[in-house]
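Number of protein chains: 4
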Amino acid sequence: MDDISIDFLRDENINGTTLIEGLPGIGQVGKLVAEHMIHEMDAEKIAEIHSIYFPPQVLIEKDGVARLVNNEIYRCDGERELLFLVGDYQSTSSEGHYLLSSFYLDIAEELGVRRVITLGGYGVGHLVDKPRVLAAVNHSRLHAGVAQAGAVFTQDEPGGGIIGASGLLLGMGALRGIEGICLMGETSGYLVDPKSAHSLLEVLCAILQTEVDTTRLLERAEEMEHLVEKLRTTEQAKSDEELNYIG
Amino acid sequence: MDDISIDFLRDENINGTTLIEGLPGIGQVGKLVAEHMIHEMDAEKIAEIHSIYFPPQVLIEKDGVARLVNNEIYRCDGERELLFLVGDYQSTSSEGHYLLSSFYLDIAEELGVRRVITLGGYGVGHLVDKPRVLAAVNHSRLHAGVAQAGAVFTQDEPGGGIIGASGLLLGMGALRGIEGICLMGETSGYLVDPKSAHSLLEVLCAILQTEVDTTRLLERAEEMEHLVEKLRTTEQAKSDEELNYIG
Amino acid sequence: MDDISIDFLRDENINGTTLIEGLPGIGQVGKLVAEHMIHEMDAEKIAEIHSIYFPPQVLIEKDGVARLVNNEIYRCDGERELLFLVGDYQSTSSEGHYLLSSFYLDIAEELGVRRVITLGGYGVGHLVDKPRVLAAVNHSRLHAGVAQAGAVFTQDEPGGGIIGASGLLLGMGALRGIEGICLMGETSGYLVDPKSAHSLLEVLCAILQTEVDTTRLLERAEEMEHLVEKLRTTEQAKSDEELNYIG
Amino acid sequence: MDDISIDFLRDENINGTTLIEGLPGIGQVGKLVAEHMIHEMDAEKIAEIHSIYFPPQVLIEKDGVARLVNNEIYRCDGERELLFLVGDYQSTSSEGHYLLSSFYLDIAEELGVRRVITLGGYGVGHLVDKPRVLAAVNHSRLHAGVAQAGAVFTQDEPGGGIIGASGLLLGMGALRGIEGICLMGETSGYLVDPKSAHSLLEVLCAILQTEVDTTRLLERAEEMEHLVEKLRTTEQAKSDEELNYIG
Chain A
1 MDDISIDFLR
11 DENINGTTLI
21 EGLPGIGQVG
31 KLVAEHMIHE
41 MDAEKIAEIH
51 SIYFPPQVLI
61 EKDGVARLVN
71 NEIYRCDGER
81 ELLFLVGDYQ
91 STSSEGHYLL
101 SSFYLDIAEE
111 LGVRRVITLG
121 GYGVGHLVDK
131 PRVLAAVNHS
141 RLHAGVAQAG
151 AVFTQDEPGG
161 GIIGASGLLL
171 GMGALRGIEG
181 ICLMGETSGY
191 LVDPKSAHSL
201 LEVLCAILQT
211 EVDTTRLLER
221 AEEMEHLVEK
231 LRTTEQAKSD
241 EELNYIG
Chain B
1001 MDDISIDFLR
1011 DENINGTTLI
1021 EGLPGIGQVG
1031 KLVAEHMIHE
1041 MDAEKIAEIH
1051 SIYFPPQVLI
1061 EKDGVARLVN
1071 NEIYRCDGER
1081 ELLFLVGDYQ
1091 STSSEGHYLL
1101 SSFYLDIAEE
1111 LGVRRVITLG
1121 GYGVGHLVDK
1131 PRVLAAVNHS
1141 RLHAGVAQAG
1151 AVFTQDEPGG
1161 GIIGASGLLL
1171 GMGALRGIEG
1181 ICLMGETSGY
1191 LVDPKSAHSL
1201 LEVLCAILQT
1211 EVDTTRLLER
1221 AEEMEHLVEK
1231 LRTTEQAKSD
1241 EELNYIG
Chain C
2001 MDDISIDFLR
2011 DENINGTTLI
2021 EGLPGIGQVG
2031 KLVAEHMIHE
2041 MDAEKIAEIH
2051 SIYFPPQVLI
2061 EKDGVARLVN
2071 NEIYRCDGER
2081 ELLFLVGDYQ
2091 STSSEGHYLL
2101 SSFYLDIAEE
2111 LGVRRVITLG
2121 GYGVGHLVDK
2131 PRVLAAVNHS
2141 RLHAGVAQAG
2151 AVFTQDEPGG
2161 GIIGASGLLL
2171 GMGALRGIEG
2181 ICLMGETSGY
2191 LVDPKSAHSL
2201 LEVLCAILQT
2211 EVDTTRLLER
2221 AEEMEHLVEK
2231 LRTTEQAKSD
2241 EELNYIG
Chain D
3001 MDDISIDFLR
3011 DENINGTTLI
3021 EGLPGIGQVG
3031 KLVAEHMIHE
3041 MDAEKIAEIH
3051 SIYFPPQVLI
3061 EKDGVARLVN
3071 NEIYRCDGER
3081 ELLFLVGDYQ
3091 STSSEGHYLL
3101 SSFYLDIAEE
3111 LGVRRVITLG
3121 GYGVGHLVDK
3131 PRVLAAVNHS
3141 RLHAGVAQAG
3151 AVFTQDEPGG
3161 GIIGASGLLL
3171 GMGALRGIEG
3181 ICLMGETSGY
3191 LVDPKSAHSL
3201 LEVLCAILQT
3211 EVDTTRLLER
3221 AEEMEHLVEK
3231 LRTTEQAKSD
3241 EELNYIG
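Chains as they are written, first to last, in the working numbering: chain A, 1 to 247; chain B, 1001 to 1247; chain C, 2001 to 2247; chain D, 3001 to 3247.
I should point out that these hints are in silico values taken from the structure, not numbers from a laboratory.
Some clues are possibly wrong.
[Claimed, not checked] Computed Cβ-Cβ distance ranges for the label pairs, DEER-style: (1) B:R1232 to A:H226: 40 to 48 angstroms; (2) D:K3045 to C:T2017: 46 to 54 angstroms; (3) D:Q3236 to A:T234: 41 to 49 angstroms; (4) A:Q209 to C:D2002: 36 to 44 angstroms; (5) B:L1191 to D:S3239: 37 to 45 angstroms; (6) A:H226 to B:G1160: 20 to 28 angstroms; (7) B:G1160 to A:D77: 30 to 38 angstroms; (8) D:D3011 to B:D1002: 27 to 35 angstroms; (9) C:D2002 to D:D3007: 22 to 30 angstroms; (10) B:E1235 to A:T234: 31 to 39 angstroms.
By construction, the Cβ of each residue, glycine as well, lies at the ideal position given by its N, Cα and C atoms.
Between the sequences and the hints, there should be enough to build the whole structure, so can you do that?
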């Protein structure tokens, strides 16, 4: 078994100029955006990636069929040549993160990719009413365009840098001359956050100069709001009861 | 030293069509079933596997003889060509799980195996009166036969997928065209569970269309029941005493 | 991707006879000294090192540009041929420490280095008024010169030896015939410690028979003293208030 | 840098028929015995072993000279061809334990070794008045001789097998046809235990049919007894004081 292996599901129409990474991470923000786009743009799976750096695990799908955890590449057919990198997990080890990101950049180069856009969440530890979209780039010439699309560059955020594929694809991409943009939706970090994903998607669409129907993401954001509201009410009720009891 | 090595103890009659994996895991359910079958079917050890991915340890056997921890392959002589994979430990590392499972599938292919059946426990966190046998397969065409044999496919179980050799042999087997079935006996997860093993064995026998004497397993299950009952009584007595003391 | 890779930023004037290591460590003492010298001596960056043994991370620099974490080599142009090894992180793994240090010694040998001076902190667990500079060497013939420069050799310190690059460059250097000196500024271990760095710099300058303006380091040391003093006063005030409250 | 490397300090008289391993472990029992024998038998260091599987560390020796942590082979000149394997540390990783033990057996085979005797402690969790010496072997034919020398073979001890080099050299040695004996001095596991080492040494001498002056070991054992007695008295005094205070 190779440490990392890729299986292409078709031979033709696999090239792309932009790779959008939405692997699991804080608030699942990047994953939500990438999977939403794959669904709305009717992107098609073109490759599956397996690796000893993923957890040693299968997931159970419908009909009780087990599937090895993986990362997948989707491609948007038609005039826009977008590729999407999504998946179940990132690496379990520090070295694996480097080796997987290096592998992804090899594939990206082979497929003609000239720009990588990585998506993630930026955890702030409290619920956010109007989530900002923070950005980082791997070349200063990309700064203006990304800011114009509505992303925010701040001096101090994210303080600890960017960890995992979202960071490495930018840092290692720069060494190979591949342009890189990282968009991070502000999020509490405690919950899956479709609202933050919605904000991020708007910025991403502006960068890509495309439009994507956001209805489903907005619906999920509203469901989440209701859920949070319900949890709050229950907690408040509990707290009131306790006060009555004590009083 | 190779990272993984196998020593065959004989050259002839080592082929098999079905490999049954019963390595250590939750409630030792898979291990109990595989070892019971090896004993009842008079299967013979045909190979020993050593690896740097096992714990760095020897076990002491009779006469104080130390033996390197290992995994072993047994084979059932005669018309049924069953192979059994059992052993002291699974891998100590995430990467090792992948590399060992890959190695096992290499061996399985060499020996002519077309189907792998992996056995394990499914921990539910409480004592189970009538343990169900959950199942997963690596191809939807296997679903009906396994269900007919008495195994249960549910939408939500096991939620986190299947971890370790029991999962990987299915997931990685699928990529090689080897059929895979995973049977998981419901169990508390706290105790070695021969009752769950007994339930699992019945389903396995139905799948294999064979019969195995289950007397010894039933006896162990009864011993375990008595042990649990005794523990419960003691705990109850303690608890009563404490109440008396307080009262 | 190589496990460790170096990119030289120029081809000429890259040789040096002494390599000064100031990677991150206890109290950031070594890092402070090396970075101060690089600034004061106007040393120029000649190489960048990337490795899968560093954390999988990018840092954000001005204009929101992400940079892969790295180690860097600076060189002091002119008659003194000093090289500096500085960087964001040391290895994340035990094996990585060995492999990186071995790599650094390979580079050092190629560049003509005959002596390595490693800088670090020696954590004592309490604030130190007049920090001593402890030393270790990798050959007894170096002892006298280092002691004469003001460093202290004690029987019992550091008790656990020296961990990481500062230790390995000495130990592994000895096996290759490269002279090695380790200077450790006494420090609490709780705070970044420019005062300890200042003491260490004085000893280092005596060893190198050079002079470096220490004004900026002294200023930072004073700022740190004020900060500590302020923290102490606040703590005392809080403590007094609490006593009042209780009383 | 090789993952494991050995440097021989001389070319002649390096062969041996028996290798005695006394690396660090529980109660330092094995280390105490091996180092005592090296001293008493005037054994000479013939090789140093370095490895990325040891901690990334140097130790400071006299004159402040740093030395890379290592394992060492000593040899007893003269008619008895004994080799000793001692050192600062065992492996930091599970895989490293296997790779180092495999390396040691390669060296042993090259030097003509036909028998390995590994020394260790067996932690029982309480102070032991008359420490037994437990044993394991890697072939049943060795059992009688070892028992006759005074070692004890019990059914249940050590329950978890033997971990690290002491175990692996037996288990892996068996696969190569090298005889292996493991002697384990009973010890609390909390303290360095020269008394247990003394018991172990007596059994080892009987096996080797040799005599070694045990005076120094007995002296250290007595010092340790006094220390323990003193600690006990102090604890008792403290405890009495507290009772007085409460009373």
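Hint by hint, here is what the structure shows:
Hint check: B:R1232 to A:H226, Cβ distance near 44 angstroms, so the stated range 40 to 48 angstroms holds. Between D:K3045 and C:T2017 the Cβ separation comes to about 33 angstroms, which falls outside the hinted range of 46 to 54 angstroms. Checked against the given bound of 41 to 49 angstroms, the beta carbons of D:Q3236 and A:T234, roughly 56 angstroms apart, lie outside it. At about 38 angstroms, the CB distance of A:Q209 to C:D2002 agrees with the hint of 36 to 44 angstroms.
Hint check: B:L1191 to D:S3239, Cβ distance near 40 angstroms, so the stated range 37 to 45 angstroms holds. Distance hint check for A:H226 and B:G1160: the Cβ-Cβ separation is about 27 angstroms, which falls inside the suggested range of 20 to 28 angstroms. With their beta carbons about 34 angstroms apart, B:G1160 and A:D77 fall inside the hinted range of 30 to 38 angstroms. Roughly 31 angstroms separates the CB atoms of D:D3011 and B:D1002, a value that falls within the hinted 27 to 35 angstroms.
Checked against the hint of 22 to 30 angstroms, the C-beta distance between C:D2002 and D:D3007 comes to roughly 27 angstroms, which is consistent with it. The hinted window of 31 to 39 angstroms between B:E1235 and A:T234 holds, with their beta carbons roughly 34 angstroms apart.
In this structure, the earlier hints numbered 2, 3 are contradicted, and the remaining ones agree with it.
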